[in-house]
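Participant: Here the protein sequences come in this chain order: A and B. Following numbering that gives the first Met the number 0, the numbering of the first sequence begins with 0 at its first residue and continues without gaps. Following numbering that gives the first Met the number 0, the numbering of the second sequence begins with 0 at its first residue and continues without gaps.
Take these hints with a grain of salt, some might be off.
Unchecked claim - Each pair of labels, with its calculated beta carbon distance range:
id : chain 1 : residue 1 : chain 2 : residue 2 : range
1  : A       : N72       : B       : R111      : 39 to 47 Å
2  : A       : L238      : B       : P16       : 49 to 57 Å
3  : B       : R111      : A       : L60       : 38 to 46 Å
4  : A       : R105      : B       : R263      : 16 to 24 Å
Hints in this document: simulated from the structure, not taken from any laboratory. We put the CB at the ideal spot given by N, CA and C, even for glycine.
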Amino acid sequence: MPVYNSQQGLIWHYRSPKERVIYAVAWLATLALIAVCWRFISAQTFWIFVQDAPEQAGDLLRRMFPPRWSYINELWLPLWDTLTIATLGTLLAIILATPVAFLAARNTTPHGIFRGLALLVIVSSRSVHSLIWSLLLVFLLGPGVFAGVIAIGLRSIGFIAKLLYEAIEEIDPRQVEAIRATGASGSQVLSYGVVPQILPTFAGVVVFRWDINIRESTIVGLVGAGGIGLALDSSISSLSWSQASVIFTCIFGLVLLSEWVSARVRKAII
Amino acid sequence: MSVESIPSKQRQWSPPPLIANVWLRYLVIAAVVGYLVLALSSIEVDPERIAEGWTRTSRLLADFFQPDFRGRWGDIRTGMLESLTMTVVATAAGLVLALPLSLGAASNLAPRAIYLLCRSLIIFTRTFPEVVIALLFVVMVGFGPLAGVITLSLASAGFIAKLLAEDIEDINSSQLEAMRATGASWAQIIVYGVAPQVLPRFIGLAAYRLDINFRESAILGIVGAGGIGAVLRTSIRRYDFNTTGAILALIIGIVLLLELLSSRIRAWVQ
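Assemble the whole structure, with the sequences as input and the hints as a guide.
Facilitator: So this is what it looks like as structure tokens:
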């Protein structure tokens, strides 16, 4: 902390003069970057449409209220489908991600090549959003819940495998060694030495991903992969905003419910 | 476990069951199996459609690995620039919005009423998936990246404010007390007492959110909110999988770079 002599006596400054220059330049560069980016977006925007945004928003609200609550009777099946997509998708991801995680962890992988391949699978699964997976899978498997389950499953592999292999790399090697010293086979070492150590993390990760998947499974329907998104898409394209507001309420409720469930389960585990 | 009293033939150990109560255990197993049967039966799988899709899959994979960057380079370039600029502007706007929101949502700084208001704002922005919020803004401000920027700014603000508020609630209160004892004003306490303690976390969150915002900006185009998603969707609809492959390769590459950058930044500030 720099302190300086001046005519008024000792003065304390938060930063030294050199630091202040560096900070000022960094700030200027950041602001300039933001300004350039904003200019590009502004050039791509039709400002005429933006000018009447408040009217459009008011119009939208008027159409949304009051919500047509009777529409909810047509939503029970899509809601069930949404739950199915999230749950079965998470299950599929668990089945596929567990071997990937063991291949990717430094202490359990059979060879460096397998580790590289497993890391590649994790990266591609994580970088591609479930909506993009859905777009591709709807094209390949036809529209419906099935495509949604596979999309959510493929998307979740990377997340589950990444957190799981990090947990595997952090296990206590002495327990594994002790099991091995009893003459246990490779699979016995895994199931009695490694698995009990990562089980709490595993359960936590799975519930966390299930919570995220509920959120994502509400939107995969927008591109035809089943669930409540399908109903949302048809309501919006037919401009039935009073139905859309019922759907928004359902999504809100579903997400809050899943958050509550996952918080409860994680508290029970930890 | 008194192993000695059991005849040696029956000397076997099995891990204790997860749920001790026998009835509860079988009830849970039955419920899980019942749910799985119901969920699996609600998936409609059309073998003919999948067989048809299979020939498409082989074509798609073949095209995927011959990505064509040239053919639609103009569209890809505009889309990518839109996605990147949306990421920068939305992250910056999100940070600016998150600052007051996180101070208001920290129970050790804010009065009860403001705390509740800020917390409910955060819950509201975090509950709905980004795509759903983007749908509404597309209606209000028209097609284009502006709708995406507004959506991502709100989502980033909620995300950063929630995590930052938790960090602010965990800070060392004796430092604040020391500042109060010197007669510092509220603003001075925030700048010199709170900010230095949470700054590393704030920078880390900003880097992390930059990464998330790019991933999200890659799909918002699917609902018309600007970015590469629109080009991606068109390329899939036109069966132009060479272009799809090129776009996915670019997305994965940029996500990797951003992930590397954000982990470097987080390692550097901590």
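Participant: Take the hints in turn and mark each one as holding or not.
Facilitator: Each hint, compared with the structure:
1. Remark: the range hint 39 to 47 Å for N72(A) to R111(B) is upheld by a beta-carbon distance near 40 Å.
2. Separation of L238(A) from P16(B) is about 55 Å and conforms to the stated range, judged on CB atoms against 49 to 57 Å.
3. Range check, R111(B) to L60(A): Cβ separation about 29 Å, and the 38 to 46 Å hint is violated.
4. Our hint of 16 to 24 Å for R105(A) and R263(B) holds, since their Cβ atoms are close to 21 Å apart.
The structure fails to meet hint 3 from the earlier list, while all remaining hints are met.
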